[in-house]
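J.: Below are the chains, spelled out letter by letter.
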Amino acid sequence: MSREAMRHPGLNLGSHHGSDQDSAERLMFGFWVFLMSDAVLFGMVFATYLTSLDATAGGPGPRDLYDIKSIFVETLLLLASSFTFGMASLALKYRHPTQRLVGWLVLTVLLGVAFLGFELHDVASMFAQGGLPTRSGFLSAFFDLVPLHGLHVAGGCLWLVCLIAQLARYGVDRETKLGIMRLALFWHFLDIIWIAIFSVVYLAGLT
Amino acid sequence: MMIPNFLQHPLGRLDLDALPFWKMLQQPTHANVINGIIATGAASMVVVGTVVTFAIITRYRWWRRLWSEWLTSPDHKKIGIMYVVLAFVMLSRALIEAALMRAQQAFGLGGGFLSPDHFAQLFSTHGTIMIFFMAMPFLTGIINYVMPLQIGARDVSFPVLNSISLGLTAAGAALVMISLCLGTFSTGGWFGYPPYTEATFSPGVGPDYWIWALTLASLGSTFTGINFAVTIYKERAPGMTFMRMPLFTWTALCTSILMIFAMPPLTVATAQLALDRYLGFHYFTNALGGNMMNFANLFWLFGHPEVYILILPAFGVYSEVISTFSGKVLFGYRSLVMATMAITILSFTVWVHHFFTMGQDANINAIFGIASMLIGIPTGVKIYDWMWTMFRGRVRFTVPMIYSIGFMLLFVLGGMSGILLADPGIDYQVHNSVFLVAHFHNMAVPGVLFGMISAYHFWFPKAFGFRLNERWGKVAAWCWIVGFMLAFFPLYALGLMGMPRRTVAYTEASYVPLEGLAFLGAILVVIALSCLIVQLWISIRDRATTRVFAGDPWDGHSLEWSISSPPPEYNFAIVPRVTDRDAFTLSKENGSAYKRPDADAYADIELPKNSAMGPLLGAMGFALAFGLVWHIWWMVLLAALAVLVTMIARGFARDTWRIVPAERVRQDLDRWLATVTATTAVSRAGEISVANRGLAARSDVGAAT
Amino acid sequence: MIKSTQSSSDRDDLREQERRDFRSYLWGVGLALVLTVVPFALVHWLHLPRLPVLTAIGALALVQILVHFRFFLHIGFRHNREDLQLLLFSALLLVIMLAGTIWIMASLALRMALPT
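Chains as they are written, first to last, in this note's numbering: chain W, -19 to 187; chain E, 392 to 1096; chain B, 232 to 347.
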């Protein structure tokens, strides 16, 4: 693969996309920088969570509240959505028909929404068991971290819907291409955050 | 049926009690009347200032121009200027507050005239404004204006985002300003430590004002940081390698990196405090597992790098100013770059020194203390580099240079007191005393503020095409320097005598003489600011005699001096090719400066169209924050929705670029080159006379090392 | 630059590249799946001592993060040193902030513990 085709991480369109590939460079780099800033945000929230593990104040702890099956399903959903987004990226890069691109994107949104549904269900059952964020420092920290990721996913879903609408309006033009490429980074990045969440919060909490 | 809360209280908790004079009218005690009068005076200054500004704009029918040429402009130069204007407005307010605090303490033996709450608001707003709404906008403005010109770029990478950053920062500033008129600001200091700022102990709107003002400002700064960093990475002119960048651009890069990585901890800390206050979470509360110590940790994870966000651009300014006015290339460029980078990294490893006394292990204190002292090394390297730059140069004592020399002398003293404070043992003795206040003002005033004012003088002719009045500038500079020394050196002694910071009143008579001196210093500093205002007035009045359209009034080194003053909107008619450091000096020496390009060298230039995103998102951000402060939930909902809709709509925007035709570029350049040809070059001896029309004579150039 | 004179060999190249890209995604998903299932199984079915399990979870998570970076975000060592530098620099700062916070707060928890 030529150097030209790999100018920034994420999916490069390749030289056959001409000037779109050029304008992608600064935008993608800028978006990476934003993601790194976001990563520090998550890092600090993780730090708060890790330092609040003992602050249950007599309230329910990880073992009372976490449901490993639900988390496993959520993990698979996100992983599947990463794959479908990957397929959407390939459809964009290799100029498949727009319907196919939109199909993959719609599938991704559905998977994202399903993930959010499971997560909301988790929260509801935690609430039912007395796991309210106002109960203890530990639960406050939990409800900072996991819903922050959830909010990001929700934002990503909304962005996806907007992009699909833009595709319907303008077809595959420069802006939609760049939008999809940035959202792809965002989506895969959120999956990485989720790896940290299911490992550090749920699995370590249930060990 | 229950009536929804927002219908019962359409204005949330906003009522007559929020007005600054209400309490005075209800309970006219002596103290209430005095504090009421001061608060009302301040509020009416805001109101009158706003009304007068609006009246003037309406009277001269400037609204359309203001909107289409300034507020919606994505031009980095105009955005930069607006940032600096914001900084000056906020500086005026915070400086008056400082003088008021000094007055209170000068007469504070056994009482004084301000109530403790009022005094606490003063130091909280003073600190918050000076850091977030004076220093940050000032340096952001200067970088915005200068950095793209120095690297030979047409604009920053994301011009509309740049305008949005300004909108958010201005919204935060407006929030702090309106807190003068409605309700009270936080009394928790600029770092707002819980649990004091929790709802239990500060149930009012004060901490909420603080939280949302900071949130808006830090969002703006994060975007700015990303924007600048990408610009420096991706928009440099051909040949402008990293090691050929002017030092100011280097410091801008390092500051941007700090902004990108240091703002998130602040966002987390303030967001968690907000969750505590609004939804009853327990991050920093006293009960149910809250841990207020984590707030200090998170805040200073941001707070310490923030200090370097502020100081690094000033270091960059001094580097440019000292080398220009010494007529020499910068000594030890490479070491200055290394030192800047070292400071950038080290600044993330020292945050504990802000809370040595909190109770952590002595080993932790020792390690962070040593790391703090280490920062002295790269900073020391810089001081020596600047001194060697001046050494055997033909130093011209212009206004920016006076600030720079004042900085070097005073900053070393401040650095020394910093080394003392970096020792945890000593810190335990002087922690929370005015010794600390003296130390950080000794870094912030000669370091940051002098740097920014120096930059203002240095680049003003570039931005507006005429020079600032030199005499008033010198008066102001000396007032700043002497005023600073009078105001803060006594505080070192007072701190060692045991005076705690933020003291509204005291019973120790021996404080009085030193407090008096410090008050005199504060008066002098207020005079200094007044001199700057007079200077601006006189400079505008006399601008016909100080025009420098040719663009190079100081015999500058870097690319921003190689174009007209003020520069055209697209900056460079033809993007320059850079072959070495000090690109413009080089082209002046080899005769390639002011050359007319070949006729076919011109090309159409693509520029971003104006966008209302900045002012719109700023206004919506303000409404959102204001609604949150006063619990006006319908306003919160509407503003949040509006933000969302605006951003989505922007996604559908196409055709956001416009073309400047090559022919117009050629005409602009011809007009400028004709002026250059008609201009008499001036030697450095005539630099501050009316003879200086922005063209430097090459004959008497001092040693080029 | 593209001209519409794409020869058939160009198109074959493109198709070959597409196949390679697709396989890369499959690899990514496969590896990620394994790296997910193993720690979940470890926690759910095998009741081993705490410390080794925690270590395993941490190690597997790190590997999975690398897998995601490699196969989904296409980060490599051969290209784009600038972006790799950005990532490593961010990682460095993140480690400093995280480790520092945990160290400090752990020390404070030990020495400043409030009576519960």
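Don't read these hints as lab results, they were simulated from the structure.
Positions of the beta carbon are idealized from the N, C-alpha and C atoms, including for glycine.
It is possible that part of the hints are untrue.
[As the list claims (entries may be wrong)] DEER-style ranges, computed between Cβ atoms: (1) I736/E with E247/B: 23 to 33 Å; (2) G135/W with A992/E: 40 to 50 Å; (3) A1044/E with G135/W: 13 to 23 Å; (4) G135/W with F782/E: 54 to 64 Å; (5) F592/E with G135/W: 28 to 38 Å; (6) V442/E with G38/W: 24 to 34 Å; (7) G110/W with V442/E: 26 to 36 Å; (8) Y669/E with G38/W: 21 to 31 Å; (9) W276/B with G97/W: 48 to 58 Å; (10) G501/E with A330/B: 23 to 33 Å; (11) A330/B with G982/E: 22 to 32 Å; (12) E5/W with L407/E: 31 to 41 Å; (13) A1044/E with E247/B: 37 to 47 Å; (14) V442/E with A330/B: 50 to 60 Å.
J.: Taking the hints in turn, state whether each one holds.
T.: Here's how the hints hold up against the structure:
Taken as a hint, the range 23 to 33 Å is violated for the pair I736/E and E247/B, whose Cβ atoms sit roughly 44 Å apart. Checking the proposed 40 to 50 Å range against G135/W and A992/E shows it holds: the Cβ atoms sit about 46 Å from each other. Between A1044/E and G135/W the C-beta distance comes to about 19 Å, which sits within the given range of 13 to 23 Å. Checked against the given bound of 54 to 64 Å, the beta carbons of G135/W and F782/E, roughly 56 Å apart, stay inside it.
Between F592/E and G135/W the C-beta distance comes to about 34 Å, which sits within the given range of 28 to 38 Å. The beta-carbon spacing between V442/E and G38/W, approximately 57 Å, falls outside the hinted interval of 24 to 34 Å. For G110/W paired with V442/E, a C-beta distance near 55 Å fails the hint of 26 to 36 Å. Y669/E and G38/W have their C-beta atoms about 24 Å apart, which keeps the hinted 21 to 31 Å range intact.
The supplied range of 48 to 58 Å is broken by W276/B and G97/W, whose beta-carbon atoms lie about 27 Å from each other. Separated by about 49 Å at the C-beta atoms, G501/E and A330/B break the suggested range of 23 to 33 Å. The given range of 22 to 32 Å is broken by A330/B and G982/E, whose C-beta atoms sit roughly 56 Å from each other. Look at E5/W against L407/E: about 57 Å separates their beta carbons, and that is not inside 31 to 41 Å.
Here the CB-CB span from A1044/E to E247/B is close to 38 Å, well matched to the stated 37 to 47 Å. Range check, V442/E to A330/B: about 54 Å between beta-carbon atoms, so the 50 to 60 Å window is met.
When each numbered hint is compared with the structure, violations occur for hints 1, 6, 7, 9, 10, 11 and 12.
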